[in-house]
Amino acid sequence: GENVEQHPSTLSVQEGDSAVIKCTYSDSASNYFPWYKQELGKRPQLIIDIRSNVGEKKDQRIAVTLNKTAKHFSLHITETQPEDSAVYFCAASKSARQLTFGSGTQLTVLP
Amino acid sequence: EAGVTQFPSHSVIEKGQTVTLRCDPISGHDNLYWYRRVMGKEIKFLLHFVKESKQDESGMPNNRFLAERTGGTYSTLKVQPAELEDSGVYFCASSLRTGGNTGELFFGEGSRLTVL
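Chains V and S supply the protein sequences, listed in that same order.
For what it's worth, the working numbering labels the leading residue of the first sequence as 1, then goes sequentially.
For what it's worth, the working numbering labels the leading residue of the second sequence as 1001, then goes sequentially.
Careful, some of the hints might be misleading.
Unchecked claim - Dumping the calculated BS3-like pairs for lysine-lysine here, alpha-carbon to alpha-carbon at most 30 angstroms: (1) K42(V) with K58(V); (2) K94(V) with K1054(S); (3) K94(V) with K1015(S); (4) K1044(S) with K68(V); (5) K42(V) with K57(V); (6) K57(V) with K1054(S); (7) K42(V) with K1078(S); (8) K1054(S) with K1078(S); (9) K94(V) with K1044(S); (10) K1041(S) with K71(V); (11) K1078(S) with K71(V); (12) K68(V) with K57(V); (13) K94(V) with K1041(S); (14) K1078(S) with K1044(S); (15) K1078(S) with K22(V); (16) K57(V) with K22(V); (17) K57(V) with K94(V); (18) K94(V) with K1051(S).
Don't read these hints as lab results, they were simulated from the structure.
Treat the numbers as computed from the prediction; the structure is a model and nothing was measured.
All chains should be built: construct the whole structure from the sequences, respecting the hints.
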C-alpha cells in the first residue's frame, strides 16, 4: 500500500521567514495530494491540494509543488505569521476512498 | 451549516471496558470515514462508508473494532474490549464527492480515547 514520509517533524521559524515541509510517497499511482492544518485542539482543515496533472499551485502565502518523477511534494509558506503555528499533515491518495497521511509537522512561528 | 460533529470529545476508560464513539457527518455527505492518530504519529485510515455500506474496512486493526452506519446518516465506532494500544484520537470525516476524483474531506474535532 501507499506510504507517506513527512519531514521535518518539528519546525521553528521567525515571523516573516519562510517555512518548507516536505513529503515523499511510494505509490506512483497516487494522483491527489492535499495538505491539512490542525491548530491546537481544533479539527484538521484542508488548506491546499494539488493533483498529479499540475506541478505547482499557489494560494496567497501558501504554495505546493509536486515532482511526480521523484514522488515528492512540498508545502511552502512565505511571510509566516504566528497564526500559522499548527500541525501540518500531508497526504496522498489514488482513489476517492482513502487518504494516506504523513506523520505531521509541528510548525512554530516565533514572534 | 453544521460541520462534522463527534461525541464524546474525550473518553477515559479502563482496559477491558467498552466505548462507543459517534460521528454525525455533514448533511448530504454520503462518504464517511474513520481515522485514528496514535501517540503523535500519522493519521491512519480505519474505514470508509458510502451511505450505509462499508466500502473499505482494510484499516480496521482487529475484530475488537466495530463500525456501523445504520440508515446512512450518523456512524458509531465501538471498541470492545478496549486495550491500552487503542488510546489515541479518533477522527471522523465526511465528503460529498464520489467517483474518480477525491472530494475534500471535512474532519470532526476528534474523540480522544484514553485507555488506562
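Status of the hints after comparison with the structure:
1. K42(V) with K58(V): holds, 24 angstroms
2. K94(V) with K1054(S): holds, 19 angstroms
3. K94(V) with K1015(S): Violated. K94(V) to K1015(S) sits at ~37 angstroms, over the 30 angstroms cutoff.
4. K1044(S) with K68(V): Given pair K1044(S), K68(V) holds - Cα atoms ~23 angstroms apart, limit 30 angstroms.
5. K42(V) with K57(V): Between K42(V) and K57(V) the Cα gap is close to 26 angstroms, so the pair holds against 30 angstroms.
6. K57(V) with K1054(S): violated, 34 angstroms
7. K42(V) with K1078(S): holds, 23 angstroms
8. K1054(S) with K1078(S): The given pair, whose Cα atoms are some 15 angstroms apart, holds under the 30 angstroms limit.
9. K94(V) with K1044(S): holds, 16 angstroms
10. K1041(S) with K71(V): holds, 21 angstroms
11. K1078(S) with K71(V): Roughly 37 angstroms between the alpha carbons, so the hint for K1078(S) and K71(V) is violated.
12. K68(V) with K57(V): holds, 14 angstroms
13. K94(V) with K1041(S): holds, 22 angstroms
14. K1078(S) with K1044(S): It holds: about 17 angstroms lies between the C-alpha atoms, which stays within 30 angstroms.
15. K1078(S) with K22(V): Since the Cα atoms of K1078(S) and K22(V) sit roughly 35 angstroms apart, the hinted pair is violated (cutoff 30 angstroms).
16. K57(V) with K22(V): This hinted pair holds, its Cα atoms lying about 15 angstroms apart.
17. K57(V) with K94(V): holds, 19 angstroms
18. K94(V) with K1051(S): holds, 21 angstroms
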